[in-house]
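Trainee: We have chain G; now place chain C onto it with these hints.
If you read the sequences in order, they're chains G and C.
Be aware that the first sequence starts at 14, since it is given in the working numbering, and climbs by one per residue.
Be aware that the second sequence starts at 3, since it is given in the working numbering, and climbs by one per residue.
Heads up, some of the hints might be wrong.
Unchecked claim - Quick list of in silico lysine to any residue cross-link-like pairs, SDA-like style, CA-CA up to 20 Å:
no.	chain 1	residue 1	chain 2	residue 2
1	C	K16	G	P71
2	G	K59	C	Y62
3	G	K48	G	V75
4	C	K16	C	Y62
5	G	K36	C	P74
6	G	K53	C	Q14
7	G	K92	G	Y68
8	C	K16	G	Y68
9	G	K59	C	L20
10	G	K92	G	Q55
These are computed hints drawn from the structure, not numbers from a lab.
What follows is the residue order along each chain.
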Amino acid sequence: MTVLEIMERVGTTDTELVIAYLKDAYTVVQSNAPKTHRVKKQDITKATSGTSNQYNIPADMVNLVSVSVLDTEDDDKYKGISRLAGNLIVSEDTSP
Amino acid sequence: MSSQTNTQYIYQIKNNKLFLWKIRSIGDSVPTTSGEITSSGTNRVIYPPEDITNGLRIEYASLDSLFVDNDPNSLSSDSSETSWGNPTLTEESTPSETSHLNLSRTLSLAMVDYVKAMMSDQSGDLERREIYMRDFYKKVGDDKSNTYRVSLSFPASPYAVR
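Just chain G, same shape as in the assembly (with noise of 0.2 Å):
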């Protein structure tokens, strides 16, 4: 369907209002029943400070599906794992 044809079935002629619409409506569809998936993959490094188990989330993630870390010993397959639940007794590490 065309943005035209919505334009034509809401009875409207304003094109940049009904995008914007548009945007807002896959915002709500991506973060309740998201319908496309994308995929971003980084290193895992060896830790070396405070900060180095930390990683970037992509900017544009509306809703996270699924976190996988690469098992090299299994035929390079990456496997999902789990959130930790509540929190860790260190909230901040200054000194690893």
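Mentor: Only chain C this time, still in chain G's reference frame:
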């Protein structure tokens, strides 16, 4: 070298950072450097102790590729049951009236409801807005359930009327 990563790694998210830890199981027969013997089955988390190239994989939903140049809901070729092709879609970074939504037909109709709801909101007609939003969520749910086929069966109660 990494093994059994699904049981050995865990993560936590704080703001825009992902914190990664490895679980280290400690047996009861291994004293620490200070002579402490930990109880059996104790798990501790440590920072990643190894390098793994492209080791962290994050799968997520984003807002990319909403507008494309071709209709995603029609086949580009359809000559037989075994010979058909999907359309080639190129994202349009500056959408116009001729841009296609890269969504199923059901979701495209949901989008119409959303735009109608926002138009009603703009004109102050909140009752109509709620009606359109309800239709929007219904169509989003329909689209999601269209990809599932679930069959349920229930055992008959011994006291059921037969």
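Trainee: For the pair we were handed, K48 of chain G and V75 of chain G, check the Cα-Cα distance against 20 Å.
Mentor: holds, 12 Å
Trainee: Between K92 of chain G and Y68 of chain G, is the straight-line Cα distance small enough, at 20 Å or below?
Mentor: holds, 18 Å
Trainee: Has the given pair, K16 of chain C with Y68 of chain G, been kept, meaning a C-alpha gap of at most 20 Å?
Mentor: holds, 10 Å
Trainee: Do the alpha carbons of K36 of chain G and P74 of chain C lie within 20 Å of each other, as the hint requires?
Mentor: holds, 17 Å
Trainee: If you draw a straight line from the CA of K16 of chain C to the CA of Y62 of chain C, is it 20 Å or shorter?
Mentor: Within the cut-off at roughly 16 Å; holds.
Trainee: Is the hinted pair K59 of chain G and L20 of chain C satisfied, with a Cα-Cα distance of at most 20 Å?
Mentor: holds, 15 Å
Trainee: Sort out whether Q55 of chain G lies within 20 Å of K92 of chain G, counting only the CA atoms.
Mentor: With a Cα-Cα distance of about 15 Å, the restraint between K92 of chain G and Q55 of chain G holds, given a limit of 20 Å.
Trainee: Given the hint that K16 of chain C pairs with P71 of chain G, does the C-alpha gap stay at or below 20 Å?
Mentor: Measuring from Cα to Cα gives roughly 13 Å; hence the hint holds.
Trainee: Would you check the hint for K59 of chain G and Y62 of chain C, treating anything up to 20 Å between C-alpha atoms as holding?
Mentor: Given pair K59 of chain G, Y62 of chain C is violated - Cα atoms ~25 Å apart, limit 20 Å.
Trainee: Given the hinted pair K53 of chain G and Q14 of chain C, is their Cα-Cα distance within 20 Å?
Mentor: Distance of about 17 Å is within 20 Å: holds.
Hint 2 from the earlier list is the only one contradicted by this structure; the remaining hints agree with it.
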